[in-house]
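Following the hints, position chains F and A against chain X.
If you want the building blocks of each chain, they are given just below.
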Amino acid sequence: MAIPLTLQINGRRVEALVAPVTLLVDFIRENLGLTGTHQGCDTAQCGACTVLVDGAAAKSCNLLVAQVNGGAVTTIEGLAAADGALHPMQQAFGRHHGLQCGYCTPGMVMRGVAMAAEDVPAEPEAVRCALSGNLCRCTGYRGIVDAVCEGLQRMRAPQGEAA
Amino acid sequence: MNSFEYRRPTRVAEAVQWLRDDPEAKLLAGGQSLLAAMKLRFAAPTLLIDLQGLHELNELTVLREDGEALWIGAMCSHAKVAASPLVRERLPMLAALAHGIGDQQVRNRGTLGGSIANADPAACWPAGVLALNGTVCTDRREIPADDFFTGLFGTALEPDELVCGVRFPALVQAHYLKFEQPASRFALTGVAVARHASGVRVAVTGLGNGIWRWTEAEQALASQFIAGALLGLQVDPAQASGDIHASAEYRAHLAGVLTRRAVQHLASQHLFSIPR
Amino acid sequence: MNYQGTQLLPHPAERVWQALLDPQVLSGCIAGCEQFERVDDNHYKSTVKISIGPVSARFSSTVALADVVAPQRCTLQFAGQGGVAGFGKGAAQVQLLPQDGGASTRLDWSAEAHVGGRLAQIGSRLIEATVRKMSEDFFLRFAAQLAKLAQHEAVATMPTAEAPAVRARPPVKAWARAVAVALAGGMVYWLCFKG
Numbered sequence: 000m001a002i003p004l005t006l007q008i009n010g011r012r013v014e015a016l017v018a019p020v021t022l023l024v025d026f027i028r029e030n031l032g033l034t035g036t037h038q039g040c041d042t043a044q045c046g047a048c049t050v051l052v053d054g055a056a057a058k059s060c061n062l063l064v065a066q067v068n069g070g071a072v073t074t075i076e077g078l079a080a081a082d083g084a085l086h087p088m089q090q091a092f093g094r095h096h097g098l099q100c101g102y103c104t105p106g107m108v109m110r111g112v113a114m115a116a117e118d119v120p121a122e123p124e125a126v127r128c129a130l131s132g133n134l135c136r137c138t139g140y141r142g143i144v145d146a147v148c149e150g151l152q153r154m155r156a157p158q159g160e161a162a
Numbered sequence: 000m001n002s003f004e005y006r007r008p009t010r011v012a013e014a015v016q017w018l019r020d021d022p023e024a025k026l027l028a029g030g031q032s033l034l035a036a037m038k039l040r041f042a043a044p045t046l047l048i049d050l051q052g053l054h055e056l057n058e059l060t061v062l063r064e065d066g067e068a069l070w071i072g073a074m075c076s077h078a079k080v081a082a083s084p085l086v087r088e089r090l091p092m093l094a095a096l097a098h099g100i101g102d103q104q105v106r107n108r109g110t111l112g113g114s115i116a117n118a119d120p121a122a123c124w125p126a127g128v129l130a131l132n133g134t135v136c137t138d139r140r141e142i143p144a145d146d147f148f149t150g151l152f153g154t155a156l157e158p159d160e161l162v163c164g165v166r167f168p169a170l171v172q173a174h175y176l177k178f179e180q181p182a183s184r185f186a187l188t189g190v191a192v193a194r195h196a197s198g199v200r201v202a203v204t205g206l207g208n209g210i211w212r213w214t215e216a217e218q219a220l221a222s223q224f225i226a227g228a229l230l231g232l233q234v235d236p237a238q239a240s241g242d243i244h245a246s247a248e249y250r251a252h253l254a255g256v257l258t259r260r261a262v263q264h265l266a267s268q269h270l271f272s273i274p275r
Numbered sequence: 000m001n002y003q004g005t006q007l008l009p010h011p012a013e014r015v016w017q018a019l020l021d022p023q024v025l026s027g028c029i030a031g032c033e034q035f036e037r038v039d040d041n042h043y044k045s046t047v048k049i050s051i052g053p054v055s056a057r058f059s060s061t062v063a064l065a066d067v068v069a070p071q072r073c074t075l076q077f078a079g080q081g082g083v084a085g086f087g088k089g090a091a092q093v094q095l096l097p098q099d100g101g102a103s104t105r106l107d108w109s110a111e112a113h114v115g116g117r118l119a120q121i122g123s124r125l126i127e128a129t130v131r132k133m134s135e136d137f138f139l140r141f142a143a144q145l146a147k148l149a150q151h152e153a154v155a156t157m158p159t160a161e162a163p164a165v166r167a168r169p170p171v172k173a174w175a176r177a178v179a180v181a182l183a184g185g186m187v188y189w190l191c192f193k194g
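Protein chains in written order, with numbering that gives the first Met the number 0: chain X, 0 to 162; chain F, 0 to 275; chain A, 0 to 194.
This list has only true hints and no planted wrong ones.
Some chain X residues well away from chain F (every beta-carbon gap over 12 angstroms; in silico):
| # | residue |
| --- | --- |
| 1 | Asn9 |
| 2 | Arg11 |
| 3 | Leu33 |
| 4 | Gly35 |
| 5 | Leu85 |
| 6 | Glu122 |
A few chain F residues that face chain A, going by a derived Cβ cut-off under 7 angstroms, partial list only:
| # | residue |
| --- | --- |
| 7 | Leu33 |
| 8 | Leu151 |
| 9 | Phe152 |
| 10 | Gly207 |
| 11 | Asp242 |
Under the rule of at most 30 angstroms between Cα atoms (straight-line distance), these lysine-lysine pairs were calculated in the DSS-like manner:
| # | chain 1 | residue 1 | chain 2 | residue 2 |
| --- | --- | --- | --- | --- |
| 12 | A | Lys44 | A | Lys88 |
| 13 | A | Lys147 | A | Lys48 |
| 14 | A | Lys44 | A | Lys147 |
| 15 | A | Lys48 | F | Lys38 |
| 16 | A | Lys88 | F | Lys38 |
Honestly, the hints are just simulated from the structure, not real lab data. Heads up, the beta-carbon is just placed ideally off N, CA and C, and yes, glycines get one too.
Here chain X stands alone, though its shape is the one from the complex:
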């Protein structure tokens, strides 16, 4: 029996009728066509499916869309500004070569963005620890960690220069 949902996706109000079994990641990708969020393992280990739910990082493959009914979800597509300007975290990933194949990248970027609200220091050790729920098979993490450090700095001092 389908259930009615109302939620915010990247700031837009979305209404839908879905089967309760629908996972958030499938709703995002299939129902909304937002395929930036990736399914890497489907067992809540790799983090490629990471989105923000009410501002907090969550693995969308391990959440029912029904659970976020009434809530607000931000996906990788929701980071760039209206005029297309990339989010500071996205820019940092570009500058620091924080991706190779790009499969884990949306999850990494969303996780990085979420760290700002968690007060994670923009330091490699702290960032590595905070990234424990996101796996990358290509890069060896160095570029990712550098990118997240810079991204956090720019998010916290938007007017100023990166430290």
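Relative to chain X, chains F and A alone:
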């Protein structure tokens, strides 16, 4: 997943009634264990009762009239407990324990109630609740920690019983150390040592058969709270079960090591009056 | 994998043997046993629903009896299917040894089994603990059933008109089946966690 019905109750009594009406129904807290099992078709409940609408289960407060005990609601996420100024100030061991569970994405959704009701033999929360002598409060009664955990995935909960929260009494000091399985970050072995006014409690998780108190160590430490008091004491490997990650003997050995280190940490804190 | 265990039961070997022969007794010892059926004298099949933690799986198992020496020992060959959960097969040997001049009995069991399937892969960390728990549960219930049987026997031998009828003793095979089912259920589930 097999299909199911989904409902969000607005009252605890409503949730309990739905559980009672359908023996194949399951409570949904954070869903971090349950949904994973359902996706693999290891579980196929006919109805999921999502508890997130029961805001009274998400409270985290000090019970001033109860000797300054700390109340943590069943639906409090691990992230909320880890970040709570109240918990960090009064029971910092619990904040650290919660912060060490899984990863941040899991911590943002997973809950105290879900963790203890599931009672995974490698979970961290049962060690914290048991060592700190928490009282599990359900919709119908209060269950002391010693009676709550009953073995492998075992709790004293009735099939239609709902955990509302845990009450943690004030204590002298406590520490939790976990030797992680590197991928899952579950406890290969985890030890929580707590010093109460009335004595010492040592709770060991990860041995395989459920949360366990090392009473021999507790008695030795009650006489003298130093790591040396544990000399010659060993956890019997018969208490543990082995698997591909670690043998029973290794887990028993780890339990001894972690207990000693936890005691060393606490003993030095006490000595130098480092704020806990 | 190999597993074994020993139980000391404060009952004469004959009572233990007869209890193990009794399908009613055994199905009462297996938590979640839903169905019990005799295929022929040496073969049985059953369905057991096992629930541990968030996992719930229904296993259909078959048991074949061999090398029966009443009332001492028997070999059970079992195979179980758990649907998507997985499958397993193996053999168990059960031996009864009288102790204390016949007043009590030592029950030795040993089993070896092979598993496969998803539950075995994902749940490998829980196999040994699950086998242990299921064996403990089984023998706890079995001891309780034995105690009840002993009570009935005691009452039955009392010379009163109200003495309850002594339960008829079923054939050897039923015991084998029941034990097999119990062990199969335990083993298969255990096996399904292996991986």
